[in-house]
Each structure stands twice: as structure tokens, then as C-alpha cells.
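Given the structure of chain P, go ahead and fit chain Z with the ligands onto it with the hints provided.
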Amino acid sequence: MFDNLTGRLAGVIKNLRGQARLTEENIQDAMREVRMALLEADVALPVVKDFIAHVKERAQGREVLQSLTPGQAVIQVVHEELTKLMGGGTASLNLAAVPPAIILMSGLQGSGKTTTSAKLARLLKEQKKKVLLVSADVYRPAAIEQLKTLGQQLEIDCFDSNAGQKPADIARDALDYAKRHFHDVMIFDTAGRLAIDDAMMDEIRQLHAQLNPIETLFVVDAMQGQDAVNTARAFNEVLPLTGVILTKLDGDARGGAALSVRHITGCPIKYVGVSEKVDGLEPFHPERMASRILGMGDVLSLIEQAQKNVDIDEARKLAEKVKSGKNFDLEDFKAQMQQMRKMGGVGALMDKMPAQVAGMAAGMSSEAGDKAMSRIEGIINSMTPLERRKPELIKASRKRRIATGAGVQVQEVNRLLNQFEEMQKMMKMFSKGGMAKMMRAMAGRFPGMR
Amino acid sequence: MLNFFKKNPEAAQPEERSPTWAERLKQGLTRTRKQITGQFDALFSGGKIDEDVYEELETILLTSDVGISATQALLEEVRKEVKRQSLDDTTQLREALKEALIKLLEPLAQPLDTAGHQPYVIMLAGVNGAGKTTTIGKLAWSLQRQGKSVLIAAGDTFRAAAREQLQAWGERNDVHVIAQEGGDPAAVIFDAVNSAKARGIDVVLADTAGRLPTQLNLMEEIRKVHRVIGKALPGAPHEVLLVLDANTGQNAVTQVKAFDDALKVTGLALTKLDGTAKGGVIAAIAKERPIPIRFIGVGEQIDDLQIFNAREFVEALFA
Ligand SMILES: Nc1nc2c(ncn2[C@@H]2O[C@H](COP(=O)(O)OP(=O)(O)O)[C@@H](O)[C@H]2O)c(=O)[nH]1
Ligand SMILES: Nc1nc2c(ncn2[C@@H]2O[C@H](COP(=O)(O)OP(=O)(O)O)[C@@H](O)[C@H]2O)c(=O)[nH]1
Ligand SMILES: [Mg+2]
Ligand SMILES: [Mg+2]
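The listed protein sequences derive, respectively, from chains P and Z. Just so you know, my numbering puts 80 at position 55 of the first sequence, and the rest follows in order with no gaps. Just so you know, my numbering puts 66 at position 3 of the second sequence, and the rest follows in order with no gaps.
FYI, nobody ran anything at the bench for these hints, they're computed from the structure. One should not assume that every hint holds.
[Stated by the list, open to error] Here are a few chain Z residues that face chain P, going by a calculated C-beta distance under 10 Å: (1) G210; (2) A224; (3) E234; (4) Q278; (5) Q318.
All C-beta atoms in this analysis are idealised placements derived from N, C-alpha and C, irrespective of residue type, glycine included.
Excised from the complex, chain Z in its bound form:
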């Protein structure tokens, strides 16, 4: 940490930021949202429910990347609820929609528990630039704060300076990074798992190179990495964490399906929620391929990783 501040005096001052991500999100979102439409608040401060109000709700969902079909399904649900409970006030309507979303996401809010295996192997996967390496840096920090010992495997042997990037995160955390010059990702991670076994390490964080689901050879490669980890330690990896960028539109659904088909994804991390993107596509994912949502990324600093909370997330969507 010290090292990090020294190197980078201006970049790294988390305490200067707003205390909670929800507040930070809210600030950002309100601004943008006002820019787009301006008058949500007026529409939802009580008053009669009419088609305009439904259209505004639809706008909120669509502009948050919830996607057409999940949006329609959610609105259908809300319409039924309005009838069932004879709601007649726009504020109630908005609350009904929030509840529908929470009902959808709450069951997926399952924090990661690394007890039960030692070493517990977490393999990260995702498309290029989603935030895998950064998430590893943040995870190492939070796991160590929970008293776990951590080892990192530099499984991205493709991208220029990917290893150096991960090593920098290793230094910040004072965690050992297993890497090889060039080399085969499966071999690097295999080594790391064995080394963790020998040293009695609690958690192994395995980075992988970014890949698009259309690159079938690379999808095949990551399947091999997965298999090889299982050879080093039967039952591992215990968690396949798919990292999604909150900026992504409907393609995130495709990503989840493709990686899940290839690897059996056990958890999701949604990064870059500190921007103006709302990550609503997670609702579409929850409908089409429900997978536990573990973490959200809310910045580039080491402590900018949080446990996914459905209610906070939904509140931010409507902020």
C-alpha cells in the first residue's frame, strides 16, 4: 500500500471519495438521468397512474440496459400487481416495480464463501477489459483483511504487460504472484495451485486472458485451463467468477451463456458501477441464466470492491 501511494501520489486517495458507492452512484446517476428526461420526480410524486407513467418506467428500465424482454416481463408483473392490490398512485407503482426487481435479484445476492476448501481456488474469466485483473487486486486485499492467505496466478500470458499489471497488484497486497515468461496459462495456474497446496495457502486467485465468446479456440483454451486446475486439485476451481463490465449492453447475456456453457460459471462480478452505466442487464441475466452475483466494482482503488446487495442496486437504478 505504502509503495502504491508513493508511486502514485495523485491517483490513490480513496478517502477523498464519497463514503458509499450508493451515494456516489446516486450523484452520478441523478445528473445523467436529469439530462435525459428531466422530470421523473414529478411523475412519481403521487398522482394517477396512466400510460405515461408506465412509459416512464419503461424508459428507466430500457436506459439501464435491462433489455426489451426483461423490461416487458417486469412491467407485466407490475401491471398485475397494480390490479391485484388496486394501486392508484404513481409512487406506489414505482415501489411495485422496485419490489419486482428486488424479488428477481435478491435470491442471487449470495456472497462468496471461501471456507470449506484449502486452498480455495477462484478462477476469473471474462471478455477483454472487463476488469478481471483489477478485481483480483481488490479481492486479494479483502480476503487478506478477512485473515486469509492469498496466492495469485498470472494466467494472462497473452496481453502486453498483463503480468506486470498483476504483479503491481501483488506488490500492493504484498502477495506472491506466480508467473512465467510467456508460456501456457494452464501450466502457470497448475504451478500456482501446487505451490498453494505446498505452502498451505487459503485462496488462489487465477487470472486469465480476456476472450470474446466468438473466439472458440480461446473458449476451448479456457476449458483446458479449467480441466488442468482440476488435475492439480480435484474439485477445483471452487469458484468460476465471471467478470462483467456494467457498461455492457445486451451482449452481457450472451457472455454469461457462453462462459457458463464452457465453464459452468458459479459467480458474477459486475465492475465499473461507479460510472453512469447502471448495469441493468444483470436483470436480464437473472431471468435468462440466474447465477449468484458476488461482487460489484465501484472504482479503480484497492478497496473498491463490494458485496452485491440487491436492494441498494435497485435503489441506484432509480436514483
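The following block holds chain P by itself, in its conformation from the complex:
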């Protein structure tokens, strides 16, 4: 699982030492590794084949052949091409229509259409649009109720349809309602359907004809496998899709479906879903997705974010202490956690780590980690400055006082002190062995990790 492309290519390229260049044969091997990486990331086989053929040409080009680090050059080419393929097109919603601008949602069962409808509505409300949510899912029990509940939560109008109606009638009445109430946008949620269910595909084709939406979005689960190509092709044949939304990206699927669907439909991926909650919608970043598919992590954006949010001077000072492994006390421990939080919390951090590192640290989660961090901060806050500097002073009675102050059990104070001790040990390791070694050591010891 942890084999990312970088690691695999390193294996291929190793044979190159001394030759310093790629040969015909090595490119063949390198491409085989790229193929494996893409398949492991669930990119559909026909798409992998097209992609490899395309990339191979570039990999045989002069820039790669003449590079002193051909392995990296190959990765760069692969990464660039993936980014190029997944990018392009307008990534935001097109609402340039006579109001109401209609957005039609489509996709398989459980892909996230209803949740995404609410997320989009929320986004548009923030842009001061008057939005109407409509559900024409008369099949799944309580699907209409689900959208109504979400609409209520967000204080966004939701059309009063019911499961006894025909979707076509709901479309007609809702459109009429939206016009009369001057809604800027109408988001039309539909039932999930299988691409081979002719009757249901016909239904949505007719809904499209009736509504003439400016956006017809295809909602895809990021965990989807090889069948993504078949589904996407079938939906694209029946509906003139204008955009794709990739959901459940907060999971750990590599998300090869993004490439498959983009390749088959030619539609831009407009947003990604990153949580079950209504605010969990983000713009799509093709280069980040490329890194994710290749298992390379999002190192670039990690650095970007670190630079944006972290006090560089303070970070440097901390880094010095960490490096030397000396004088690293609980005060520093706390400062370090605060910096992590500024960088978006443990979860955000791990998302952006290369798969290899994140894999080792598997078990660390956003919320569990973040919650653990604030508890720890609470405990440290209940200590005196002296105790923070010299944790070895903290014995039974002090522990009790600290626990009471922080509102936790004494065991938790004990755990923190143990963790801190481990941390100090790791700091020393870090000064000797660098980041990778430290991450390995961290697994299981850091708050929120198992």
C-alpha cells in the first residue's frame, strides 16, 4: 500500500547508476511502474493505457533522456501530464442563464448527490444568491425528507415535493415556483440510478429536456473503482454533462476515478467533497489530485500553508531545539502543537503528507488528533512555568492538582508526561536520522495515533 511511485521508480532507476541516463528498456520498466501505480489508485484500465501511451512519448523526449536525474524527470512528466489532464475548463459554476439558473444533479446511488446539493446551496447563499432546493427522488425512502432537513439547517428554501409525485411533475411545479418567487438558482436533486437502468436513464434524460439546466453535474464517489469509466460514459451519453463533483475525498482512497471520469466525459471537476457536513466542499486542485493519485502527497501545498500560517522565526527557533534535542520542554511541546493547529490541524497535515509517511502514521485522524491536542494543551496550561520547564518535578500531588485544574483524570496527565518523554527521545532520533525516521517512530506515540 505504501509503495508510492517515487519509491517504485527509485527501484527501476537504481539500475541506472553509472549510466546516468534512461534507455529504451528503462523507460519500458518505468512505464510499467507508472501503470501499476495508476491501477492501484483505481484509474480505469483503458484510461491507464491511453495515459501511458501518451506519457511514454514525452518520457522518450530529450528533456528526460538528458536529465541527470531521469527518475525524477519521469515523475515530473507523469505528474505534469496528470495535472494537465485533470485540469482545464471552468472550475466554478456557470450561472449565466435567465433566472432561475438550474443545476441538475446526477449520479449513482449513494454517491453524494443530496449532500452535495445542500453544500452547493450553501456556497451560493454565501454569494447572496436566492436558492431553491428541489428533490425529485421519489424512490429512496425519506430522500426528500433528507434534503428538506438539510435545507432547514441552512435556512435555504426547499420545494415541498413528496414521494407520491412523478419527477416530471415535480420539475414542472418547482420551476414554476422558483420563477414566481424569484429564485436565482434552483438545485434539482435526483434519485441515484444505474447506468444500465434504461427506464431511469430515460427519466433523467427527460428531466433534462424539461428543465434545460445550465449546469448538469455528475457526482462521483472518490472511492469508485474501474467501473467509473462505464458509468461516466453512460451518463455522458444520456446527459450533456457540464461538470463533475468528486465526493468523500476525506477518505484515504487514492481517487483514480477522478482521472477516469475526466478522461471519459471531458468535463471539468468543479468541486470536491471533503466531509459529511454541509461546509465540506472545496475547489478542485488538479495538481494536488495528481499527487494523491501517484501517492506522492501534497507536499507543495503543505509547504505553502506552513509558510502562510506559521511564524517563521518561531518555527526556526523550535526547529533548532528539536534538532539539538536539548532543552525541549513542555512549553515547546505546546508551542509545537499550536503551530500544527495553525497549519490546519493534524488531519489537514496528514492529508498532505506523502502516502508513505501518512501510511506509517495511519491511525492519526483529524478530529481525534485535534481533540487530543486541545486536551493536552489544557493540561499544560494547568502547570506552573517551572513544571513546564522541568517535568521531572511533577510527582503525585502535583499531578493531582494539574488534573483537577485541567478537568481530566490523573491517568491522562501521566499519559501526557510519558508521551512527552517519548517525544524527547524522538527529538534526539530526529537530530540523527531526519524526518522519515521520526515519522516511523511517531506512529503510535503521538496524540491521536494508535
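Just chain Z with the ligands now, with coordinates in the frame of chain P:
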């Protein structure tokens, strides 16, 4: 049931569909498969075995989500078999691959047996949208047909209208659904188990909210639900049924490992096999974390749940 048809005259007519899921699957699959490659049949209608044939077999496996490493292992096995039996015909080769798959899956085809405990508590788990709630609706129906009394616990207290969805399935089955306004999933299920004990119910079906293995707090929460069930009834839950969506790619392996590590999963249900997805990842799962496969979901209707049959499943993979 009546109620259901009334409410939804167009959606619910199972008898209009093809009689068996295997046939239905076959129709769908053949179509798609032809779209992708077109000429499998020609390749496998006898003739000499060469590398092209192996490549086609590899394609079948990979495009079914079997995954790289399980595919390679299976093909290796088949190559050995070809040598051992001196096979020289492509039809035989394909059969050898089918047998390899059946050998892998057959031992896992263990139907769920709810005898032995009363109440027998089944806890469902899985990622968001996999089909947990729907599977409960179908399970309640099939258990009642076996003469068991059923109680449902609405343990998804998170997703909007999850409770209403489950209650609709309860109505269709005429089964009582224990639910609370908002509230704590462990508490709801705890109540349900106690209520089942008091009423002498045979089977409790406990729904839970969808969660991704990366959401450690939610994984912790479901562990707690599991523990609390054990407090209401020592030894329960008797079955932890992990629901997997057949559309899922290699992440399904991760899901199985994560939920198994957290809960000790005792059975799998593979849903949405009525589409074009083949659910081949189950072969990778069988290699990496073998867990009995109980059911397959083949539609959205109440009777669209079937007992997993390895041979039928493998046939559908090659259809
Ligand atoms: N973690 C996560 N869950 C999501 C996301 N989008 C949708 N879901 C969940 O996936 C499940 C199915 O979503 P729903 O909107 O009902 O799908 P629909 O059947 O296509 O309408 C629900 O449990 C949602 O909460 C996402 O981006 N992240
Ligand atoms: N075609 C098909 N759809 C299914 C199957 N099982 C569940 N679904 C649909 O998948 C969607 C999500 O199911 P649900 O039970 O709500 O998933 P949960 O979030 O895991 O509880 C719903 O639209 C169901 O109707 C199946 O076997 N076949
Ligand atoms: Mg929906
Ligand atoms: Mg559910």
C-alpha cells in the same frame, strides 16, 4: 408492503425485473464488456494459449477491481496449472482461472445463521452510502420470511433523515424501529437490545452511521457502540456485518482492514451488484483479510438481497 406500493406505484415492481440476479448481471456486464474490448469470446473459443490470452485474462481481472497484486497471484496460479495439466486450449485456460477464483471465494461463502442466540444481534457498519440502511430493510424482510421476529435500532443519529429512511423500511416490513430524537447511537442500540430481550424478539438489526476509516473519532465511536451492545447482552453483537459497495475500488480492502481492526468484522455484504460494477475487489479482500461473505445486494427493492454464491459470482465476473 401494500403501503409501499401505494406510495410509490412506479418504483416498486420487482416482478418486472429479470428473475435472477445472475441473468440480470450478465445482461449488463456483457454490454459493458463488449464496449470495452469487444472480443473476449473470440479469444476464448478454443485455440492456442499465448501471451495475448493471458493479457486478456489480466484485463478481465483488473477491470473487475480485483487489483494488481491479487490479479498477479491468480494468473501465476493459472500458469502453474496450465503447466501441471499441460493445458493447451484457451477455453481450458479460462476455466482454470475461474476455478482458481472459486477456490479462493468458496470457503468464504458462509451464510449467516441466526440460530443459537436470542436475541441474535446484528450490527451493520460501513462507509457512507454503502447500503447499510437498505440492507437492513431487506434483511428484516428475509428474516421474517424465515419466521423470525425482528427489531430494528436506528443507530444512525447523524445523517439527515436517516431515521425516517429506516422507519420507512420498518413500515414496509411492519417491524418496530427503536429511535430517539437526535441522541447517542450507543444508547439507542442499548435500548433496542434490552427491549428485544424483554419482548422475546429473535433478531435485532442495528443500523449505524456511515464513517470513513480516516475518521478516527468516528471509528472510536463505533467501537463504543460495539462495547455497549455487549453490556446490554454479553456476547453480543453476534454478527458485525460490514457493508461494501461493489462500485468501490481498492479502497474496499482498506475499509475491511480498518473496520475489522476496530470491531472484528464477522461477515461481509456486497451491495449494488445489479449495476455494471463487478465487485472483484472481494477477491483481493479474500486474499488479504478473509472474512465470510454473507450477502449480495442486487437492487433497491425489499427482496433484492441474496446469499453469496461463489460460483455464480465468478461466472458473472466473466460474463
Ligand atoms: N465523508 C463524506 N461523506 C459524504 C460526502 N458526501 C456525501 N457523504 C455521505 O455519503 C452518504 C450518501 O450521501 P447522499 O448525499 O445521501 O448520496 P445520494 O444518494 O447520492 O444522494 C451520506 O452518508 C453522506 O453523508 C463527503 O464528501 N465526505
Ligand atoms: N442499485 C442498488 N442500489 C442500492 C443497493 N443497496 C443500496 N442501494 C442504494 O444506495 C443508496 C445508499 O443506500 P443506504 O442504504 O442509504 O446506504 P447507507 O448510507 O450505507 O445506509 C440508496 O439510494 C439505496 O437505494 C443495491 O443493492 N443495488
Ligand atoms: Mg439522494
Ligand atoms: Mg444509512
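Hints and how they fare:
Violation of the interface hint for Z/G210 is found here, the shortest Cβ-Cβ separation to chain P being roughly 25 Å, above the 10 Å cut-off. With a cut of 10 Å, the hint placing Z/A224 at the interface with chain P holds, because the nearest CB-to-CB distance is about 4 Å. Nearest Cβ of chain P to the Cβ of Z/E234: about 9 Å, under the 10 Å cut. The hint holds. Because the closest C-beta pair between Z/Q278 and chain P is about 6 Å apart, less than 10 Å, the hint holds.
About 8 Å separates the beta-carbon of Z/Q318 from the nearest beta-carbon of chain P, less than 10 Å, and the hint is met.
Hint check: a violation occurs at hint 1 only; the rest are consistent with the structure.
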